[in-house]
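Using the sequences and the hints given, assemble the complete structure.
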Amino acid sequence: MESHITHWQRWWLYGLTGLTIFFLVLPSLIVIPMSFSGTNSLAFPPPAWSFRWYESFFTSSQWLGATWVSLQVSLCTVLLATPIGVAAAYGLHLGRFVFGQAIYAVLIAALMVPVILIAIGAFFLFAQLGMVNTKPALVLCDTLLAVPFVLVTVSAGFKGYDFNQEQVARSLGASRLKAFFSVTLPQIRASVIAGAFFSFIVAFDEVVIASLLSGGDGATLTNLMFASLRNEIDPTIAAISSLMIVLTTVPPLIGHIVMLRRKRRPS
Amino acid sequence: MTMAAGLWHKDQVLLNGAALEADRRRENRQLLMLCSPGILLAFFLLCLPIGWLFWFSFIDAGGSPTFEHYSRIWNEGAYIQIFIVTFETSALVTAICVLLGYPLAYCLSQMSQKWSGIVMLGVLVPFWTSLLVRTYAWLVLLQRRGIVNTLLVDSGLVHQPLPLVNNLTGTIIGMVHIMVPFLVLPLYASMRSIDGTYLRAAANLGASPVKAFWQIYLPLSLPGLIAGLVLTFILCLGFYITPAILGGGRVQFIAQRIETSVHLFPTWGPASALGVVLLAFTLAILVLSQLLLSRWRRRLG
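Those protein sequences? They're chains A and B, same order as listed.
Under numbering that gives the first Met the number 0, read the first sequence as residues 0 to 266, first letter to last.
Under numbering that gives the first Met the number 0, read the second sequence as residues 0 to 300, first letter to last.
It should be emphasised that the hints constitute simulated quantities derived from the structure, not laboratory data.
It is possible that part of the hints are untrue.
[Unchecked claim] Stretch by stretch, here's where chain B covers chain A in the computed footprint (C-beta under 8 Å, at least three residues): (1) 22-36; (2) 94-104; (3) 133-143; (4) 156-166; (5) 184-194; (6) 216-227; (7) 244-252.
[To be verified] If you anchor each label on the Cβ, the simulated ranges turn out as follows: (8) A/L110 - B/P64: 54 to 60 Å; (9) A/D161 - B/A77: 29 to 35 Å; (10) B/L39 - A/R188: 24 to 30 Å; (11) B/L221 - A/I192: 33 to 39 Å.
Predicted model only: the values in this text are computed from it and were never measured.
Note that the Cβ used here is the ideal one computed from N, Cα and C, for glycine as well.
Dropping the structure here:
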């Protein structure tokens, strides 16, 4: 006789899961109301409501300047990390190398090495080159951190793709490059977009390297936020945080929903 | 005549074979070239600087070889204390993540696709949210007069606000929040690939659901659990931002110590030695877990 556990007997499991999910989403839910607070305090719920912290963000040349630096660095990182990651994923997927595993390990090593070590290593390297506090130095470091994300997502995309299609295009006379861009890329584009988006987030959120390699007018947004959180908390951070939550969760949310819809549709 | 034709044919095959082999090699070289930008980047920004750190950790201020930096780490109580705090906190955070993450991943893997997609958002949204933003949120939540303390006092559970932030407690809460998705995502992926027929077979043979879970499901999910657990622990060892903000200066991790010694002292020796030790621990744990996992997989067939 098979025995089953009913849903009711598992209430504790569902309860624990619900509590964990609540724990995970709670901070994001708190920050947004906080940003509309009318007072200086960190009290919740705020005793009064206003847009003053948004106003203070959009009128501060320091915060806006740092945001601009972050956006520039992140976009350059996307433009650099995406092609590097896609090319490496393509090479590793089709190539038969003796050291294939080792190459993969080197390419994703930046995920495993503590960021502080990458930061002080890069600080030393760029100090030798006279490039400390320059945007190119930041872009290169962020690219190092972002490539593994592109590599992993795009490799997964290649696994679900039939490479015979590219062979067909090439046997019909297309060059490898043309075959890739006209046949392969359109079919793996979801994974490439996801990888590019991840590299944007990685670069935009990076704090440790930025706090060593940037400063003054070249400071990134996260660098300023970190300094503020360590010393005296500027409530403008609540407004910035809310904007960042919207910026980093809405695009993948749309992607997630589109993906769920597609899965549900019978093919 | 037939023999000559046969020879000619064989030559042709050999020639063709050689040409194909050369072609394959050329193609492989081209594919390797595609990986080279990433490899170069990793070489110049990762391998080279770490090589330098390694070098610096063995030379003194005058440039002669020395073990002084390492012996200082070993002999000074303050350094040992930092290592103990880092490892203990990381182990505790990993344990809490397993306690919260395993049931969550299990639940997710049992749900219908529609529901797991929705619940998964609860894991992914924080995962996508900036680490600084989440740390700030915990700072607000755990304040003396923050929501958590207000609720605790109002409900009569405690008489006065608990010190939840600017100490180790706050650091642990913030770290667990950041690390739970890192544990759940690989664990969920491995649980999804567990064949449900094993469990049905166990039930069919008379195992109670609890027994089937302990004897069948848990061992099958163990490789995924170990992979997630190791990732969580390693990432915890390198934490810098969360202890710096939520610890309020009272919690010092190895990474903070490295940063302060680079900022405060012009010499690189002590920071380099700390970095090398941190990296050595990280790599050792990674390699050991990989060995363990591959042995485990072989045993499971």
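Verification of the hints:
1. 22-36: holds (count 9)
2. 94-104: With 4 residues closer than 8 Å to chain B, the stretch 94-104 of chain A meets the three-residue bar; holds.
3. 133-143: Holds: 4 residues of the stretch 133-143 of chain A have a Cβ under 8 Å from chain B.
4. 156-166: Since 0 is below three, the answer is violated.
5. 184-194: violated (count 0)
6. 216-227: holds (count 3)
7. 244-252: holds (count 5)
8. A/L110 - B/P64: 54 to 60 Å: Distance hint for A/L110, B/P64 is violated at roughly 33 Å.
9. A/D161 - B/A77: 29 to 35 Å: 59 Å, violated
10. B/L39 - A/R188: 24 to 30 Å: 26 Å, holds
11. B/L221 - A/I192: 33 to 39 Å: Taking Cβ atoms as reference, B/L221 and A/I192 lie about 35 Å apart, which means the hint holds.
Comparing the model with each numbered hint stated earlier shows that hints 4, 5, 8 and 9 do not hold.
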